[in-house]
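Read off the chains here:
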Amino acid sequence: MSSSLPLFPLSASTVSGEVDTLFFFILGVSAFFAILVSALMLYFTFKYRSKKAGDAGADIHGSLTLELIWTGIPFILAMVMFVWGAQLFFTMAKPPADAMDIFVVGKQWMWKVQHPEGVREINEMHVPINRPVRLTLGSEDVIHDFFIPAFRVKMDVVPGRLTTMWFTATTVGEYHIFCGQYCGTRHSGMIGTVVAMMPDDYEAWLAGGRTTGSAVQNGERLFTDLSCITCHKADSSGRGPTLGGVFGSTVQLNDGRRILADENYLRESIMTPQAKVVQGFQPIMPTFQGLVSEENLMQLIAYVKTLKPAETAPVPVKK
Amino acid sequence: MSNAAPTAKPHPKLQPHFHSMEQQLEASTLGMWVFLVTEVMFFGGMFMAYLVYRNMYPHAWVEASHELNWQLGGLNTMVLIMSSLTMALAVRAAMLGQKRGQLVNLSLTILLGCVFLVVKFFEYKAKFEHHLVPGPHFDPTLEQGMQIFFSLYFMLTGVHAAHMIIGIVMMTIILTMAARDSFNAEYYTPVEVAGLYWHFVDIVWIFLFPLLYLLGRHGA
Amino acid sequence: MSHQVPSIRMYVSVFLALLLFTATTVWVAGLDLGALNTPVALGIAITKGSLVILFFMGVRHNTPLTKTVAISGFLWLLILFSLGMNDYLTRGWLGIAGR
Amino acid sequence: MNDATVHQEPSYLGAPYGLAAWLLTKDHKRIAILYLISITIFFAIGAGFAATIRAELVTPQGDLVTADLYNKLFTLHGVVMIFFFLIPSIPAVLGNFFIPIMIGAKDLAFPRINLLSWYIYVIGAVITLSVVISGGLDTGWTFYAPFSSISSNTDVTTAAVGVFITGFSSILTGFNFIVTVHRMRAPGMTWFRLPLFVWANYATSLIFILGTPVVAITVLLVAAERGLHLGIFDPRIGGDPVLFQHLFWFYSHPAVYIMILPGMGVISELVANVSRKQIFGYSFVAFSSIAIAIIGFLVWGHHMFVSSQSIYAGLVFSIITMLVAVPSAVKTFNWTATMYRGSITWDSPLFWVLGFMGLFLVGGLTGLFLGTMGLDVHLHDTYFVVAHFHYIMVGGGVTAFLGGLHFYWPKMTGRMYSEPLAKVSAMLVFFGFNLTFFPQFILGYMGMPRRYHAYPPEFQVLNVMSTGGAMVLGTGYFLILIYLLYSLFKGPKAPANPWGATGLEWQLQSPPITHNFHEIPVVTEEAYDYLHAPAPQLAIPASPREVTHE
Ligand code: HEA
Ligand code: HEA
Ligand code: CUA
Ligand SMILES: [Cu+2]
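Residue numbers (this note's numbering), protein chains in the order written: chain A, 2 to 320; chain B, 740 to 959; chain C, 588 to 686; chain D, 895 to 1444.
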């Protein structure tokens, strides 16, 4: 922005334009009503100014027609806003299937960003433009909130669970990351920068970054180190279920519930395994609460997500 | 009602801003009911938490309710139901202006309330001994979710017990008032109002007992 | 408010009914009714509570206003529970973590 | 003495005399005055915090106060302003004073409990504010767990206990009002003859009793989590912090209507009076209060659209949020219609009415932006929200309170204040207010998050404007304080009915006697029967005020 007094945020994602359109629609409706009502009141104030002290106004008590009109019109307008806003919200909530992953962990008071290829950064996030990016967010302590005004996206980062958000940057540039949810002393310092780059530049940047193995590789290593592998084997010979293809499937629990296995289900299965026990298994899996950090957890999940169902359907082994 | 002022000589217990004893009694009972609504919401917040976590950790909930002593809980349920009966009888005696009935039933109510608290005390003590009190001393081998159960258990029963203590204090005051002939067939508002409170505390327990002690017992 | 004085017999029968229900709820808790255990236990508790409210607390003979007030507390609890559980029970429907 | 004051009997202010008589009073009018004094003190404290916040935000670097102190400042600013100023303001002052009189009763149903509620309020406030000495409070007024329960190093426990205690003061006030309105109405005072102020306070009381207990138990749970190591919201043992938000907003959203409904009641009285006309659509205005109170309980999740609550819950909360805006719209249009073909008196109440309308409209309409899910994602926890609620709470709530205070001041104190000064200060507040908070909408849309001690430099210009506005606004408030205090001692004596208003309160002498009425009146007319109302005595040239000015 050239002006020294910017009055409008940069718009740099695929949804930001849509958000602005909705904003201007509601702004229009609001301005209409605000001006209408204020103008009428001021007009009446002058027009009907009392001529003589003690004069009474006209003997009017009300009008059902008017009441219906001014209940109905705001109602309809409000419903339009609701439907529009809800649709937009769904768009903003559902990441496209081909989105690339980035993992973000918030802790007092910094953002730790991890790319699937293993490159890590702090308070900075490099992303390619024109490519949907899905962020998986976790918190190590209290609630934070990942907010990129230029993209018009925001999501709370809640300890004890994972949350998701996504965006597609459209313009190369650097944009603010803010922590939106109050989180203690340096809440206002928990800020960072998104660097949106041309895809080629991004690849180059990635290649130049130091890495200690990709997220999936790390996850695989953890899977062995934490001896998950002893129970979860590729075939169904372990004491735990095979994890191939679990992600995204519907899991039958032993109390009759059926659960869609998303990242939070995987997280819960590792941190509080006994909350939801898979049908046909004993609740013997130990909790890994306190043993794996939020970052490791994301790597584990990234790894589990890559596991494909066994090639040939495993024959249930009877024991 | 010409000007709504008290007609004959006003009853000594009639406060000046009411125009009749009836209005005064109605206002007081309505007041107590409105207050009880706030009490329902007060416990309601904790019941909401109960609902959420029970749904989140069904298994831990079953496990944890096994740690509670349902016999003692059941005993306390009966004690409270009994105290509700004596309370109702005390109000009835007040309505009829029977002093002896009031004294006996109020004393019984207080006594039963104390029995409840004593039983509760022993239950709490057992929880301490079994490391079931949330916090650093909580038994670490227990399943996740159980600590929340016990947190809620202590909050719910603790707040309930606090209500019992308030109730007992209230009843003691009513008892002394009754002993001093403060009530008669025209004026027994305090007994009636205190009674409503007592019954309410009983109702809370009627819900706490199955929710905390009984659900999931068949799994054992 | 009506000043009719309820009989002792009524009070004692309600008391006995309450004891009976207590015994029932303990007994039922020992049976495995599957998903029905909770509803049954709650049903009994609601019955017991209603008995206390209607008879011991005298709502049966009370004004419509008192009845409304007595019900409204539970109605509002229902609001809290239903809109709150609306969140918890629909979490994970989309299969997108945190939505 | 002039004849307008000759027949004066000793008013509630004078007899009995002395501090003890005031502190032990059961008179609803005296308790209202006790409340008035206390909330004024708390407003001053809260405003002091606000002034420091605004001073800090003049520069982008956090240079005036430390980050920790800043966090404590806005927390206590919010807590004090909401719990100790705005929530009790209209109900406990104007409501306490006028509800019994308006319905023709000698007092509230439970005078002793009324006094108790004031003491509870003061004790709760003192305990809460004692954290200033014992380590402060830095959780934000929302007390979000798990920050409040496991992370904050400040004295959250004490503050939570203080807020818990204060809650009971609200509950007791609400329950007193409800019983009073049901049981104490004078003969002939039917529900549909009640002044709309009473309807509004009745609706408010419903929220008091149905909502407040939930927040009380919620802060108690936080206190227990800190003090007793229980764990309800603690994610480390499997708790869900979002549950805290559900419980908190179950109260705190309805609570925002606690803060505006009484104000709407005041405005209804004032609009009818300045228009000298029956309120337009009486029953619609009355029922919309109840509708707001009830539907207001169904929308709390609109504070949680991005909290990771389920999207389906969000949908339900969003649509009901849109619904709850409609009764507010109905009220707004009815007020406007009331002025149509009125006989508008240009006394100071008019200025407050217009000020309220302008500011409430902006505040309410921006609520629609926030209630729209897709838009709230961007706006949530930015200065847009801060501007939204200040427009409603300060622009709407405080303006309505000040309007009501000016309208009823002659009745409450028996003195007139300076009309010209009142008009000037109303305008000062209006312009100062807009200058303070309008820039914050722009800041918010640009993305400036709230609760920021330091901020990127591009936001500075608007922040400086805002601080400048706050100085104008503060001056306006200060002016009001001065001339109202001055009027107490030097103001002309007020006639019984300075505004020529209808309603039982204006038939009493100013200030009223202790028992309000010698004989309970019998009501035969509907409210706002301005066809038969007396002329305003302010406008009469030979007004007694010149004479009594000794
Ligand atoms: C007195 C206090 C008050 C009042 C009355 C309101 C009224 C409303 N509020 Fe506000 N609100 C707050 C105080 C208040 N609010 C506070 C304190 C917060 C922040 C809390 C925190 O996080 O610290 C907040 C936050 C807040 C949020 C959450 C924002 C966020 O954190 O992301 C939302 C979201 O929906 C919202 C919506 C609304 C709506 C829709 C109304 C409606 O009731 C408004 C209705 C009024 C009108 C609509 C105007 C009149 C109507 C017309 C002129 C007709 C035209 C109308 C239509 C076309 C429908 N408010
Ligand atoms: C009734 C409620 C109420 C009232 C009346 C006010 C009044 C004011 N508030 Fe407040 N405010 C809240 C309720 C209220 N507020 C709440 C609930 C929050 C959220 C807290 C949270 O996040 O937890 C909040 C937060 C809040 C913030 C955001 C802080 C942040 O997020 O970092 C700001 C910033 O400008 C602010 C400003 C003001 C101002 C300028 C006034 C003015 O109206 C005050 C006017 C008075 C004065 C300015 C003082 C007198 C004047 C002088 C002594 C002259 C000198 C003046 C200067 C140097 C400026 N408030
Ligand atoms: Cu992290 Cu604010
Ligand atoms: Cu709200």
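Be aware that a few hints might be false.
Unchecked claim - With a cut-off of at most 20 Å between alpha-carbon atoms, the simulated EDC-like pairs for lysine to aspartate or glutamate come out as follows:
(1) Lys113(A) x Asp99(A)
(2) Lys108(A) x Glu125(A)
(3) Lys306(A) x Asp102(A)
(4) Lys53(A) x Glu1313(D)
(5) Lys309(A) x Asp201(A)
(6) Lys306(A) x Glu296(A)
(7) Lys306(A) x Glu118(A)
(8) Lys838(B) x Glu778(B)
(9) Lys306(A) x Asp226(A)
(10) Lys48(A) x Asp60(A)
(11) Lys95(A) x Glu204(A)
(12) Lys654(C) x Glu761(B)
(13) Lys654(C) x Glu931(B)
(14) Lys53(A) x Asp1423(D)
(15) Lys108(A) x Asp1423(D)
(16) Lys752(B) x Glu868(B)
(17) Lys309(A) x Asp102(A)
(18) Lys654(C) x Glu778(B)
Calculated from the structure, these hints are not laboratory results. All values reported here derive from a predicted model rather than from experimental measurement.
Taking the hints in turn, this is what the structure says about them:
1. Proposed proximity of Lys113(A) and Asp99(A) is contradicted: the alpha carbons are some 23 Å apart, above 20 Å.
2. Between Lys108(A) and Glu125(A) the CA atoms are separated by roughly 14 Å; this keeps the pair inside 20 Å, and the hint holds.
3. The straight-line distance between the Cα atoms of Lys306(A) and Asp102(A) is roughly 12 Å, inside the 20 Å bound, and the hint therefore holds.
4. Simply put, Lys53(A) and Glu1313(D) have alpha-carbon atoms about 19 Å apart, close enough for the 20 Å limit, and the pair holds.
5. The hinted pair formed by Lys309(A) and Asp201(A) fails the criterion: a straight-line CA distance of about 30 Å is larger than 20 Å.
6. Between Lys306(A) and Glu296(A), the direct Cα distance comes to roughly 15 Å. Compliance with the 20 Å bound is thereby established for this hinted pair.
7. With a C-alpha separation of about 15 Å, the suggested pair Lys306(A) and Glu118(A) falls inside the 20 Å cut-off, and the hint holds.
8. This hinted pair does not check out: Lys838(B) and Glu778(B) have alpha carbons roughly 31 Å apart, beyond 20 Å.
9. For the suggested pair Lys306(A) and Asp226(A), the alpha carbons sit about 18 Å apart, so the restraint of at most 20 Å is met.
10. A distance of roughly 17 Å separates the Cα atoms of Lys48(A) and Asp60(A); the hinted pair therefore holds under the 20 Å criterion.
11. The suggested pairing of Lys95(A) with Glu204(A) is violated, with an alpha-carbon distance near 25 Å, which exceeds 20 Å.
12. For the suggested pair Lys654(C) and Glu761(B), the alpha carbons sit about 18 Å apart, so the restraint of at most 20 Å is met.
13. Of the pairs offered as hints, the one joining Lys654(C) and Glu931(B) holds, with about 16 Å between alpha carbons and a cut-off of 20 Å not exceeded.
14. Between Lys53(A) and Asp1423(D) the CA atoms are separated by roughly 18 Å; this keeps the pair inside 20 Å, and the hint holds.
15. Distance restraint check for Lys108(A) and Asp1423(D): the Cα-Cα separation of roughly 63 Å exceeds the 20 Å cut-off, and the hinted pair is therefore not satisfied.
16. Straight-line distance between C-alpha atoms of Lys752(B) and Glu868(B) comes to about 52 Å, which puts the hinted pair past the 20 Å bound.
17. Straight-line distance between C-alpha atoms of Lys309(A) and Asp102(A) comes to about 18 Å, which keeps the hinted pair within the 20 Å bound.
18. Restraint check for Lys654(C) and Glu778(B): the C-alpha separation of about 16 Å stays at or below 20 Å, so the hint holds.
When each numbered hint is compared with the structure, violations occur for hints 1, 5, 8, 11, 15 and 16.
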